Amino acid sequence: MSENPEASITQEQRQAYIDKYGLTPAEAGHEMLIQMIEDHFAEGLETEVEPFPETDREFGALLDQLRPLSADQLREKLVISGWLLQPYGEDQMRCQECMYYLVHKRWCDLPELDLPAKPEWWCRLWRI
Amino acid sequence: MANLLWLQGGACSGNTMSFLNAEEPSACDLVTDFGINVLWQPSLGLELGDQVKEIVEKCISGEIKLDIFVFEGTVINAPNGTGEWNRFCGRPMKDWVKELSAVADFVVAIGDCATYGGIPATAPNPSESVGLQFLKRDKGGALGEGFAAKSGLPVINIPGCPAHPDWVTQILVAVATGRAGDLTLDEFHRPKTFFSSFTQTGCTRNMHFAYKVSTTAFGQRKGCLFYDLGCRGPMTHSPCNRILWNRHSSKTRAGMPCLGCTEPEFPFFDLAPGTVFKTQTVMGVPKDMPEGVDKKGYIKLTAAAKGAAPAWAEEDIFVV
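So the sequence lines, in the order shown, correspond to chains A and B.
Numbering of the first sequence is given in our numbering, commencing with residue 1 and proceeding in unit increments.
Numbering of the second sequence is given in our numbering, commencing with residue 1001 and proceeding in unit increments.
Chain A on its own, in the form it takes in the complex:
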């Protein structure tokens, strides 16, 4: 996708996905991607939940970081977007109410993420 070395998955990371799942995130279907995401968190993945992008400039800056990532860079996508497997904040924000969430497809339609998600999950790119 991108020439940027940081914007591509390393051979090691690729092999780790193949060893564990038999394929990489770019090749995985809906259920397998859900599994991969949950496994990342089960293994202790910490994502950048804060700061929440308060302005569109800040929001755009996060999109700029996500845009060069390849579909295989699942872990990086989760970290940058501040992905969580539960609702967040006082208002208990969650994917279910987010504008980018397709409730029937259970999918985040934000082009820069383009990942499956469960209704109770959340990330800091949430907007309604």
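These are calculated hints, taken from the structure and not from any lab test.
Accuracy of the hints is not assured; some may be wrong.
[Said to hold, decoys possible] Just so you have them, the derived chain A footprint on chain B, three or more residues with Cβ under 8 Å:
1) 1058–1071
2) 1209–1216
3) 1297–1304
Every value quoted in this text rests on a predicted model; they were computed, and no experiment measured them.
A virtual CB, placed ideally from N, CA and C, is assigned to each residue, including glycine.
Given the coordinates of chain A, assemble chain B onto it according to the supplied hints.
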């Protein structure tokens, strides 16, 4: 027979181009069917130089009765209030505008520049542009808040970038045929017949608005353009989806967010980078709500709508 004079200030000629595309009635119909005598128009007039000046001077002196004065573009006051940056027939255009407005039965401002200042009047407004009777939302403009044409009406504002051609010709016909009394204007002098409903009224994406499914990239035919791509359809007064453009489409139908060009504040957010095609939010919630909706209600509505949305709302349902 009604004499019409059309002049242009700080403008791109977009409203003239739009006007020439009018269909109901057409620009030609104005002359042949409705008795409008076009004294001069910048793109159509045959006269040049001193010949134009003579027409304009005769209007001001009363030798030629001026029934309708149409102005397109901003009134330019730069530099330093002199108006010298926009000279016409040997003097600043702003002086002609004042004198012609004083003798005309009706003054009609066409397009966002002439009505409210539009893009040229956006900060820092180097041309010191104003609209005829407004600068953005503030009353005043070039002619002053108290101005009324000889008919008693203030400037009739037909905003838009450009204004829809049929809004222009229909208002001109109403005025030229003695039906100006039927016109009621809103607080920004827009004819209510066109500017009471919203751009969203009649939008083909309304189902997606209702079910809170967003268009997330240009070119998508599913989804509503309000949530992410900065569409101002729910809070912009215009009939763009009632009186269609070229008789068959509109910005939103073609997948282009409404920019709110019939509102006095246009262009919004002073065109700051990242504001034109992006819905402005605070902590994920839109800054500008659909008119009449508050934040609490919006959040409740979103939760309910997402919960009730049918599967088809997530698909591209448009067909060619």
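Right, here's what the structure says about each hint:
no. : hint      : verdict
1   : 1058–1071 : violated (count 0)
2   : 1209–1216 : holds (count 4)
3   : 1297–1304 : holds (count 4)
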